[in-house]
Amino acid sequence: MLLAILAIPLLFFSPESMAQKVDLKMMTGPMGGSWYPLGGAIADAVQKEHPGVTIAVQPGGGVANVEAIEFGKCDIGFSNSSSGVDGVYGRPPFKQKMPNMRQLANLYPQYFQMVVLEDSGIKSVADLKGKRISPGPKGHTGEFAAQQVLQVYGLSYKDMSKVHHVGYNDTVALMKDGHCDGWLLTTTIPGAAIMDLASARKIRLLPLPEDKIQAMQKLNAGYIRRDVPKGTYAGVDYDVPGIGWFTHLIVSAKLPDDLVYKITKTLVTNVERFGQVVRDMKGATAKDLAMDIGIPFHPGALKYYKETGARK
Numbered sequence: 003m004l005l006a007i008l009a010i011p012l013l014f015f016s017p018e019s020m021a022q023k024v025d026l027k028m029m030t031g032p033m034g035g036s037w038y039p040l041g042g043a044i045a046d047a048v049q050k051e052h053p054g055v056t057i058a059v060q061p062g063g064g065v066a067n068v069e070a071i072e073f074g075k076c077d078i079g080f081s082n083s084s085s086g087v088d089g090v091y092g093r094p095p096f097k098q099k100m101p102n103m104r105q106l107a108n109l110y111p112q113y114f115q116m117v118v119l120e121d122s123g124i125k126s127v128a129d130l131k132g133k134r135i136s137p138g139p140k141g142h143t144g145e146f147a148a149q150q151v152l153q154v155y156g157l158s159y160k161d162m163s164k165v166h167h168v169g170y171n172d173t174v175a176l177m178k179d180g181h182c183d184g185w186l187l188t189t190t191i192p193g194a195a196i197m198d199l200a201s202a203r204k205i206r207l208l209p210l211p212e213d214k215i216q217a218m219q220k221l222n223a224g225y226i227r228r229d230v231p232k233g234t235y236a237g238v239d240y241d242v243p244g245i246g247w248f249t250h251l252i253v254s255a256k257l258p259d260d261l262v263y264k265i266t267k268t269l270v271t272n273v274e275r276f277g278q279v280v281r282d283m284k285g286a287t288a289k290d291l292a293m294d295i296g297i298p299f300h301p302g303a304l305k306y307y308k309e310t311g312a313r314k
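Reading the sequence shown from the start, the letters are residues 3 to 314 in our numbering.
Calculated directly from the structure, the hints in this document are not laboratory data.
Check the hints yourself; a few may be wrong.
Said to hold, decoys possible - 27 Å max Cα-Cα, derived DSS-like pairs, lysine-lysine: (1) K140 <-> K75; (2) K214 <-> K164; (3) K23 <-> K267; (4) K50 <-> K140; (5) K204 <-> K97; (6) K27 <-> K256; (7) K220 <-> K204; (8) K256 <-> K267; (9) K314 <-> K75; (10) K133 <-> K160; (11) K164 <-> K131; (12) K50 <-> K204; (13) K23 <-> K75; (14) K305 <-> K267; (15) K160 <-> K214; (16) K75 <-> K99; (17) K140 <-> K99; (18) K50 <-> K256; (19) K284 <-> K232; (20) K23 <-> K50; (21) K178 <-> K232; (22) K99 <-> K27; (23) K232 <-> K50; (24) K97 <-> K140; (25) K27 <-> K140; (26) K204 <-> K164; (27) K264 <-> K232; (28) K289 <-> K314; (29) K289 <-> K308; (30) K305 <-> K256; (31) K264 <-> K23; (32) K27 <-> K131; (33) K133 <-> K97; (34) K99 <-> K305.
Could you put together the complete structure from these sequences and hints?
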């Protein structure tokens, strides 16, 4: 009788509800970019499908997120393929190798874009000398890439009259008010924040010529050519050559395999939903997410990809 009574409460609990609660922290990107809303959508999907898991979404940056994973400040993070590979090998801007970082999923391409106002007279990166620029907050992959773009032109922050290390929304306000001349950022196309600026002021996108693209690739083999097609933004009726890389999700090697397996499955099975947040994710397959970009996969993610045939 006693055993029967003790067993009754168990009937009201499913294995999922009895699972141990897991609190995770996800670091994304700055407000106004694509990472923050996509991170929110991913967190919502995981929490809905796995009630025992909660994910706190916070702003971050491509470089900072790699370091946050390594030093236990977050569990999941957005980053860029160029930064991730640099982290694996301990190349600048990192001061050491990042052995705790693992690949979860490759997501979509990112575009490095250089925006000025059409009436600024600025038509080349070389024209930014002595101007006010916003390369983004320190610790972001785009900010490091901005320094390298200036470098291949023989320039540095010291050649600028002002460097604003602020996020997208603040930069848009500065540009609209005429307090910033050049905006160097990395996002999807069309970038929501750039569209915001283009709706209020006529803009121009600066090109990166082929010789400069090659110079950038010598600095980091993770840079790939990414052209912004004409018509992407109002008034920009010309193709804009440039560089880019892939956005990917990284996780801590310390996360349990079964948990990462579940998160990976949720990512793959909700791609179309995530495509409503970032259109470049529409139509992505498990093989796309499982693409090898030079960073070791977490065993939990690799197990799912192998089971679905996305990886051998």
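Comparing the hints with the structure gives:
The suggested pairing of K140 with K75 holds, with an alpha-carbon distance near 17 Å, which does not exceed 27 Å. Of the pairs offered as hints, the one joining K214 and K164 holds, with about 24 Å between alpha carbons and a cut-off of 27 Å not exceeded. For the hint linking K23 to K267, the alpha-carbon distance of about 19 Å falls within 27 Å, and the restraint holds. A threshold of 27 Å between alpha carbons decides the hint, and for K50 with K140 the separation of about 34 Å lies outside it, so the pair is violated.
At most 27 Å may separate the alpha-carbon atoms for a hinted pair to count; K204 and K97 exceed this at roughly 41 Å. With a C-alpha separation of about 13 Å, the suggested pair K27 and K256 falls inside the 27 Å cut-off, and the hint holds. With a C-alpha separation of about 34 Å, the suggested pair K220 and K204 falls outside the 27 Å cut-off, and the hint is violated. Restraint check: the Cα-Cα separation between K256 and K267 comes to about 19 Å, which is no more than 27 Å; the hinted pair holds.
Between the alpha carbons of K314 and K75 the distance comes to roughly 32 Å, so the proposed pair goes past 27 Å and is violated. Distance restraint check for K133 and K160: the Cα-Cα separation of roughly 11 Å lies within the 27 Å cut-off, and the hinted pair is therefore satisfied. Between the alpha carbons of K164 and K131 the distance comes to roughly 10 Å, so the proposed pair stays at or under 27 Å and holds. For the hint linking K50 to K204, the alpha-carbon distance of about 42 Å lies beyond 27 Å, and the restraint is violated.
About 19 Å separates the Cα atoms of K23 and K75, which keeps this hinted pair within 27 Å; it holds. Of the pairs offered as hints, the one joining K305 and K267 holds, with about 10 Å between alpha carbons and a cut-off of 27 Å not exceeded. Simply put, K160 and K214 have alpha-carbon atoms about 20 Å apart, close enough for the 27 Å limit, and the pair holds. Distance check on the hinted pair: K75 and K99 sit about 17 Å apart at the alpha-carbon level, within 27 Å; holds.
Distance hint between K140 and K99 is fulfilled; the C-alpha atoms sit about 20 Å from each other, no more than 27 Å. For a cut-off of 27 Å, the pair hint linking K50 to K256 stands: about 23 Å separates their Cα positions. Between K284 and K232 the alpha-carbon distance is near 21 Å, which keeps this suggested pair within the 27 Å criterion. Distance hint between K23 and K50 is fulfilled; the C-alpha atoms sit about 14 Å from each other, no more than 27 Å.
Under the criterion of a C-alpha separation no larger than 27 Å, the hint pairing K178 with K232 is consistent with the structure, at around 23 Å. Taking the CA atoms of K99 and K27, the gap is about 22 Å. The hint holds against a cut of 27 Å. With a CA separation close to 39 Å, the supplied pair K232 and K50 exceeds the 27 Å bound. Distance restraint check for K97 and K140: the Cα-Cα separation of roughly 15 Å lies within the 27 Å cut-off, and the hinted pair is therefore satisfied.
With a C-alpha separation of about 21 Å, the suggested pairing of K27 with K140 holds against the 27 Å cut-off. For the suggested pair K204 and K164, the alpha carbons sit about 22 Å apart, so the restraint of at most 27 Å is met. Distance hint between K264 and K232 is unfulfilled; the C-alpha atoms sit about 40 Å from each other, more than 27 Å. In summary, the hint linking K289 to K314 is supported, as the alpha carbons are separated by about 10 Å, within the 27 Å threshold.
About 10 Å separates the Cα atoms of K289 and K308, which keeps this hinted pair within 27 Å; it holds. At most 27 Å may separate the alpha-carbon atoms for a hinted pair to count; K305 and K256 meet this at roughly 16 Å. The straight-line distance between the Cα atoms of K264 and K23 is roughly 14 Å, inside the 27 Å bound, and the hint therefore holds. Taking the CA atoms of K27 and K131, the gap is near 40 Å; set against the 27 Å cutoff, the hint is violated.
Straight-line distance between C-alpha atoms of K133 and K97 comes to about 30 Å, which puts the hinted pair past the 27 Å bound. For the hint pairing K99 with K305, the CA-to-CA distance comes to about 25 Å; that is within 27 Å, so the pair holds.
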